[in-house]
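Given only the sequences and the hints, what does the whole structure look like? Please build it.
For the sequence shown, position 46 (counting from the first letter as 1) is numbered 49 according to my numbering, and the numbering increases by one without interruption.
Careful, some of the hints might be misleading.
What follows is a list of derived Cβ distance ranges for each label pair [as the list claims (entries may be wrong)]:
(1) 133 - 63: 35 to 41 angstroms
(2) 138 - 17: 34 to 40 angstroms
(3) 64 - 156: 33 to 39 angstroms
(4) 19 - 118: 35 to 41 angstroms
(5) 103 - 17: 19 to 25 angstroms
(6) 84 - 120: 30 to 36 angstroms
(7) 19 - 129: 16 to 22 angstroms
(8) 96 - 38: 27 to 33 angstroms
Note that these hints are calculated values from the structure, not bench results.
Think of the CB as a built atom: it goes at the ideal place given N, C-alpha and C, for glycine as much as any other residue.
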Amino acid sequence: PYMVALMTELLELKGKEKVLEIGTGSGYQAAVLAVLAERVCTMERIRPLAMRARKVLDSLGLLNVNIRVADGTCGWEEEAPFDAILVTAGAPAVPNTLVSQLAVGGRLVLPVGDQFSQTLVRIVRQQDGSCTIEDSIGCRFVKLVGKHGWESE
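Structure below.
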């Protein structure tokens, strides 16, 4: 719960945002985001997890969450741009595909590093298209598997 709170806080949500979450898992983080943002698009590569999360979110009456079963490292181009993107798995590097789907002023929060140790990073897209990068804390997440992440084992 601490990391969910910290990562959510780093997104600086005000209530009107469209948020992309990579790694739906149980749906817990998506539920938190659904209460704080106008719309949540969440991606999960493992279909049974996505289906279970859909049931949980529906049971909570959270109707502002769309779930897609796909490679999250590619983002969700049809729904871009996003005001905020949250990645719940560790990437070897920041996927440019996600940065390119940020709106101006948009925030991307994700763990970046090797398989054993990452740093929680926040990237903010500037008006001129450049990005600022801020390191938060050390952390350890499961690997972000996909075309722009780690290879599947």
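Hint check results:
For the hinted restraint 35 to 41 angstroms between residue 133 and residue 63, the CB-CB distance of approximately 38 angstroms keeps it satisfied. Between residue 138 and residue 17 the CB atoms are about 24 angstroms apart, so this pair departs from the stated range of 34 to 40 angstroms. Between residue 64 and residue 156 the CB atoms are about 37 angstroms apart, so this pair conforms to the stated range of 33 to 39 angstroms. About 37 angstroms separates the C-beta atoms of residue 19 and residue 118, a value consistent with the hinted range of 35 to 41 angstroms.
Distance hint check: the CB atoms of residue 103 and residue 17 are about 23 angstroms apart, consistent with the given range 19 to 25 angstroms. At about 31 angstroms, the CB distance of residue 84 to residue 120 agrees with the hint of 30 to 36 angstroms. The given range of 16 to 22 angstroms is respected by residue 19 and residue 129, whose C-beta atoms sit roughly 20 angstroms from each other. About 31 angstroms separates the C-beta atoms of residue 96 and residue 38, a value consistent with the hinted range of 27 to 33 angstroms.
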